[in-house]
Amino acid sequence: GPSPQRRPAAASSGAGAIRVASMAASTKDTLDPAKGAMATDYVRHYMLYSGLTSIDDDSLRPRPALAESFDSDDRITWHFRLRRGVRFHDGAPLTSADVVHSLRRHNDPAVASKIAAIAAQFAEVRADGRYGVTIRLTGANADLPTLLAQAQFLIVKAGQDHPDGTGTGAYRLAQFEPGVRTLVVRNREYWIPGRPHLEQVELIAIPDETSRVNALLSGDVHAIHAINPHSLPRIEASGTCEAVVTPSSLYTNLIMRQDHLPTSSPDFVQAVKHMLDRPLINRALFRNTAMLGNDQPVAPVMPYFNRELPQTVLDLDRARWHVRRGGLNGLRLPLYCSPAATGSVDMASILQEYGSQVGLEFAVNRVPADGYWSTHWMRHAMTFGNNNPRPTADLVFSLFFQSNAEWNESGWKNERFDRLLTEARGEADEVRRGELYGEMQRLVHDRCGIAIPVFISLCDGYDKRLKGIKPIPLGGFMGYRFAEFARWED
Amino acid sequence: MTAAPPTRSAAARLLPMIAGRIASSLLTLFLVSVVIFVASSLLPGDAAQELLGQSATPAQIAALRHEMGLDQPGPVRFVHWLGALLHGDPGVSFVANMPVSDIIANRLPNSLLLAAITALISIVLALTIGIASAINRGGRIDSALNIATLSLVAIPEFLIATLAVLAFSVKLLWLPSISLVTPETGWAETLRALALPVLSLTCVVVAQMARMTRAAVADQLDRPYVEMARLKGVPFGRIVLFHVMPNAIGPVINAMALSLSYLMGGALVVETIFNYPGLASLMVNAVTSRDMPLLQSCAMIFCATYLALMLVADIVAILANPRLRA
Amino acid sequence: MSGALAMRVRNMRLSGRIGLALVLFWLVLAVGGPALAPHPVGAFIDQEVFSGPGRTFWLGSDYLGRDVLSRVLWGSRYTVFLALGAALLAVLGGTSLALFSAIRGGWTDEILARAMDTLNSMPSKIFALVLVAAFGSSLTLLLLIAAFIYIPGNYRIARALAINLVAMDFVQVARARGEGAFHIARYEVLPNMIHPLLADTGLRFVFVVLLLSGLSFLGLGVQPPYADLGSLVRENISGLPMAAPAIIVPALAIASLTVGANLLIDALKPGGKA
Amino acid sequence: MTVELAPPPATGPSDASAAAVEVRGLSITVAQPDGTRRAIVENISFAVPRGEVLALIGESGSGKTTIALALMGFSRFGATIAADCLRVGDMDIAAMGQSALRGVRGSRIAYIAQSAAAAFNPSRTILSQVIEPLLVHGLAGREEARARAVALFRSLALPSPETIGDRYPHQVSGGQLQRLMAAMALITGPELVILDEPTTALDVTTQVEVLRAFKAAIAESGATAVYVSHDLAVVTQVSEHIVVLQNGRMVEQGDSARILTAPQSEYTRTLLAAARPAIRPTADAALDKVLTVDSIHAGYGRIVRGMPATPILADVGFTVRRGSTLGVIGESGSGKSTLARVIAGLLPAASGEVLLEGQPLPRAMAQRSREQLRRIQLVFQNADTALNPAQTVRDIIARPLAFYHGLKGAAAHARVDELLDLIRLPRALADRRSTELSGGQKQRVNLARALAAEPDVLLCDEVTSALDTVVGAAILDLIDELRRELGIATVFISHDISTVRAFCDEILVLYAGRAVERCPKAAFDGHSHHPYTRLLIDSVPDMDPTWLATRAAAAGPALAVSAIAPELCRFLPRCPVAIGGLCDSNPPPLHVDDGRAILCHRAGGPGDASR
Ligand SMILES: Nc1ncnc2c1ncn2[C@@H]1O[C@H](COP(=O)(O)OP(=O)(O)OP(=O)(O)O)[C@@H](O)[C@H]1O
Ligand SMILES: Nc1ncnc2c1ncn2[C@@H]1O[C@H](COP(=O)(O)OP(=O)(O)OP(=O)(O)O)[C@@H](O)[C@H]1O
Ligand SMILES: [Mg+2]
Ligand SMILES: [Mg+2]
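Protein chains in written order, with this note's numbering: chain A, 136 to 625; chain B, -11 to 314; chain C, 81 to 354; chain D, 1405 to 2015.
Note that these hints are calculated values from the structure, not bench results.
Errors might be hidden in some of the hints.
With the C-beta cut set under 8 Å, the calculated list includes, among others, these residues of chain C facing chain A [said to hold, decoys possible]:
#1 108
#2 143
#3 318
Far from chain A by the CB rule (all over 12 Å, computed), these chain B residues [said to hold, decoys possible]:
#4 47
#5 49
#6 143
#7 293
Beta carbons are placed, not taken as given, at the ideal position from N, Cα and C, and that holds for glycine.
With the rest of the complex left out, here is chain A (with noise of 0.2 Å):
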């Protein structure tokens, strides 16, 4: 392999100042983390601005970041204290005003706030004092102070409706251009003493995913976030770089309509649930490094995850015979499947193969990504879902499992299950709540029309002197937040 000594050190001015390149950029690229909408953004974001509350390990446990302190007694009115002495980076000193701003927007529709449903449930958000917020919600939930951690939700300052990078961040912006880079340099009066440890940051995207691992592997970019297990050998032979797999609640599942026939059929569904061969999708499509799922959205590295659910298998005896009693067999239905959801593709050639086997015809219909969730998704009786790591194991439930849910995705009726979720959101009890989202589990499991094979790690690449990298489950690049931890070691 090529001497690292000859590799550039990094972009442009020595050691610690790093280029880093991320998955897709376009002109929609932001500064306004309510809009931020992709893994460049939050990136982007997390550099700039800070949130009220942080998730920095991989508990997934919310601690203060910006409020030094917060409390609730019912989980319905919720207390923030705010640090003292943090200042934006324009010398403004960040006082409760600015969060209250920075809170309401996601409630104007003019700000097209990308987690505007989840801020629907603030009834009121008002300041207490200069240095305290209070945010009354609309019903009980215990999970707001690890809601708040998410990057939508970081702090801009106020009177600012297009928020211009002027946060409380680790970094400062040097230079934003939508679509092409993002320049920050170090913000030596950040509030956390000693962080961070790089001089600068170039983020850049490249889409094409050879060509950012080949930008890795010439050291063109020391950072690269999403990469293909197909390309984690190339990566591990070269010496020069490695590569870090966080296990993550990313998913890409298989929805069964149950407003549609057949595939409201209960027969349907756990035929299909056991004609998939989830350690070949791991092997094949993940390299091994996936998690095998169980056909529920609470992944093994989650908190309240249900180790007692039994794992459904490949078991095509079982299939057949759902088949037979279904009066399904030599039906012939379309699955439609796009890149836009991870895998799904190759995930419907394999169904596809198994259901020859079972006496089910599955016409696969791949179609282009653009497009894709407004047109496909959701809208054929067969389609693939494609989930991003949520924090909390509520937001995936009321998301996409409660029964008035928007993007009820496989538009399943569950009466106890949105019983049972109600319930959880306003339990403080640790071990109730745990009783209660183990009972969701398994009814997910058992009687919904979602299949989810396999829980897909996230792959990043590293040029092996950057160095305080550790996986965060809630996205690559340490949660989006690995700028704030990385140190350049030659």
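Based on the hints, put chains B, C and D with the ligands in the right spot on chain A.
Chains B, C and D with the ligands alone, transformed into the frame defined by chain A:
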């Protein structure tokens, strides 16, 4: 029969032609905008939906649609856009919320630079190859060059580009694997950054151009005036340069213009692989995000480039041919 | 008839015969190849990926552990028939319009030429992207879209040829006889442009093969688990650093098919040289 | 070829050792696909004394060009030159290498090609090409070369010698271009000049000027010359010796005078006979007029207010009776083909009428009925381009049969065979493509196609001009026979006045789009003609070596017709007998008497145009 001074009659002939061409180009540009508009209105989804993505509520989408004017009927939107364009305003990008002209101003120089360098290199190469094989037509060199150019045409460009990266960036560490150019980069750095994209694009266009050159030159070599020149004792090299080329330049330049028009919009794959911020990938972005104003403007630029190249080719053909010039 | 054919082949230059052999080889494979495929085209059967040639997998396995040989056999069918079909359709369409244009002349010609310029000026891949996104990518649509995209290019060439021919005396003779436009196009003009048209078909054929692979670059194209040869190259691109047969074989297949087709066409030209 | 036709021993007209050019046992062979070699020319021997002119004469394809090029050590299509002796001056051409030959070509041996229009590079100025031999052989600097060229232009009687070199080849006339090529050849003062049919492509009137210029220039430079031609009369004017070729072999050689007066071989006699066509008997003119053309105005480009953008024909009219032939003559560009196109409807007239048996025809063919189209058939000027190269002879002839007469299958097959018999082509040729035929054969097919329609009127546009005399004469015989047997009325267009005069019942002379004279054959030998007709008649070379020398120099140079007022006589600028104050102020009147019409101030009056 009288010989007027050639320059004046050339101008007399060229000016009306150019004027006519510009008029018909405007018609073509209009047609392009109609085609793009119709084609993109056939696309599923719209900018509002794409912008808000998977997680948008219908209310949000409706609000954004209204803001973008997408709730108006198609023809109305088209007329508005066209009206604004006639006043020199290509509109505001739906997605980036910036004037389209600014976005394009960022990218266009990149595309032009890449195209220009590639054009320069590939024209020289194509002429050399084409002339060499025309001179040896039927011979061994000709067959070898023929198979070489054919194979070059047949290799998908992403394969060429990837191979080049593997060899020159990953293995040899000579050249950057991605082409990051910013206004601050010096020209030496810029050239280094462009080396691989230029190499890949050259491979794509040179073969076609060389084949056309060969055909045109071979055709001229069979003309009686070439035999006459040989019977005058003119050395062969001089025959090719001073007798054949002035006559072959018309068809050659036409083929070249066609190939070169590829360098702007066709650079898509190369732009993607080398992460080069050019117009083609911008246009693909515009398609996928349904950013109509941007899409329209990109299409118009490509079309205008194409028409301009064709015009230049015709002008050169006329200037090179005294019969047309007079 | 067959005797005449045999004569032609015997009189062909070596390169022409090589071309003919290659074309025949791929035609036979396109028709019969899938029947010979040792494994199902979509089966993930190798535990390894990008393995080299071996006993079970003659040409190794691809990035998902599928049998490369089987995939290439199927892929050649798609490439040969799609590309051939689209190239022929494009030439048919472009040439018909060109003949119409050249024979009618005047406004018809002007308007058609403008319209074709319009289409020609659009970058083909992006245009294909729009069309596929709008109309979907069933095989038939793919064929039509690829054909549609290359019609203007062929039109340009065919029109230039036809305009020269229409001015020829023998066309005047036919006109003076009172022949209709169809007869003139079909019997007087067309037969005289067949060789340049063939050459153009050969090039369009290459272009369609490349367009298909370019489409697969954008995630469009033939429906999985099938893939045309270009897509096979594309999907296995990560095997390039290890020179996996999964990428080498389809790339060679494309090269030999297109080069073969063009050598054959070159050799069919009268004189065989020009 | 048999022994009796074997060439005489290679004794030149004078002592061979003094000869500037000596050729003995020259054979040129090409490789055939099966590997064997075929001789294109075989065992050629001749010698040319210094300063004299030798003519190579023979029908098309007899190997004239091949031999001429061999004198420069040059062969086409990879043919191989072999000779016992191939000597020019002190150079042994056969033994010279490529670079030595290159040094000789254009400097010591110069070549004047058949078609100057093709041999000049269209995109470079004439001067740059004329002086190129001097420059590439390093014989002169640019300035000196230019001066020499201008001097040559002047001595070749080219107009504006100072500036003509700055023009491009298409900007000068064919005759001028041919002379410019002579300048290009003579500029290095070569020992040997080879002229390959240098006047064949020219009008008779121009040919005279060019011949004169060549002869003077060669004489002045003292060069030896080899003159290639198929026209005996032309050869007679310039050469001292003649070599007659047939099928690549020498048939006869000797002094010009001897060959003309006492030809020894049968073939030479045929050539002599064909050069002077016999006058054919006039048809017994039936009374009914088949074709009437009445006061036609026509031209090219968009018609605005009854006038085309480029007017060509003005007020042309005539009638043709059943079974009779009208000859139309005029120089190149006089509008002969345009007239044929107007009659056929290919080019709608701007005004005037074409009547078929008294019925006016629609001007454009699109409006004519199929029957009307059938009854007038046009035989195109150039058989090479008038026959579709992609079709077989049978396809070509059968199409009108099917189209007009609905004849298909066996009936059509039989009729095609009949037509082939009629035009005396072997039936075996029916399945060949037209590209595989000789020029004469093509022209016959062209004719057969027209006959297949069974027309009433046959328009023959220069059907024999591109053929050699022997073949041409055969075609004329054929048309004449058809006319008599089928009663077809013929319009026979030609620029060759001797053919027209021998062949036609009435003659129409076109000058610059105007019918300056119409004259029945019977009256043609009379002496009152339009001055232009006179010029045409006088320009046809005689088989008399002194003809060129005795013929008076032509009147002034051709002027652009557009330079004179449209209503005046168009021939005025060239007219040797123009009457000052009359011709340049009044339009010429039309004189009509005993069947002839002349458009001239002189005609009919006491000062008749004839001299
Ligand atoms: N490509 C070729 N290969 C072999 N023989 C050829 C080829 N082209 C022409 N010939 C033959 O060479 C012979 C001599 O041709 P050449 O041009 O010398 O005749 P020519 O007397 O000059 O005729 P023309 O009067 O038509 O110019 C002809 O019989 C012709 O058929
Ligand atoms: N399509 C055309 N457009 C414009 N001018 C033309 C066209 N065809 C012919 N002419 C011009 O019309 C004039 C007469 O041409 P025409 O062909 O009738 O002459 P011609 O007497 O048949 O000559 P030739 O003996 O050379 O055949 C010429 O000056 C020619 O340049
Ligand atoms: Mg000749
Ligand atoms: Mg004519």
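Results of checking the hints against the structure:
The interface hint given for residue 108 (chain C) is broken, as the beta carbon of that residue sits about 27 Å from the closest beta carbon of chain A, more than 8 Å. Because the closest C-beta pair between residue 143 (chain C) and chain A is about 6 Å apart, less than 8 Å, the hint holds. Interface restraint check for residue 318 (chain C): the shortest CB-CB distance to chain A comes to about 5 Å, inside 8 Å, so the restraint holds. At the 12 Å boundary, the C-beta of residue 47 (chain B) falls inside the reach of chain A, the nearest C-beta of that chain being 7 Å off.
The Cβ of residue 49 (chain B) sits about 9 Å from the closest Cβ of chain A, inside the 12 Å cut-off, so the non-interface label is violated. The claim that residue 143 (chain B) lies off the interface holds: its Cβ sits roughly 16 Å from the closest Cβ of chain A, which is beyond the 12 Å cut-off. Once the 12 Å rule is applied to beta carbons, residue 293 (chain B) is consistent with being away from chain A; the minimum gap is 21 Å.
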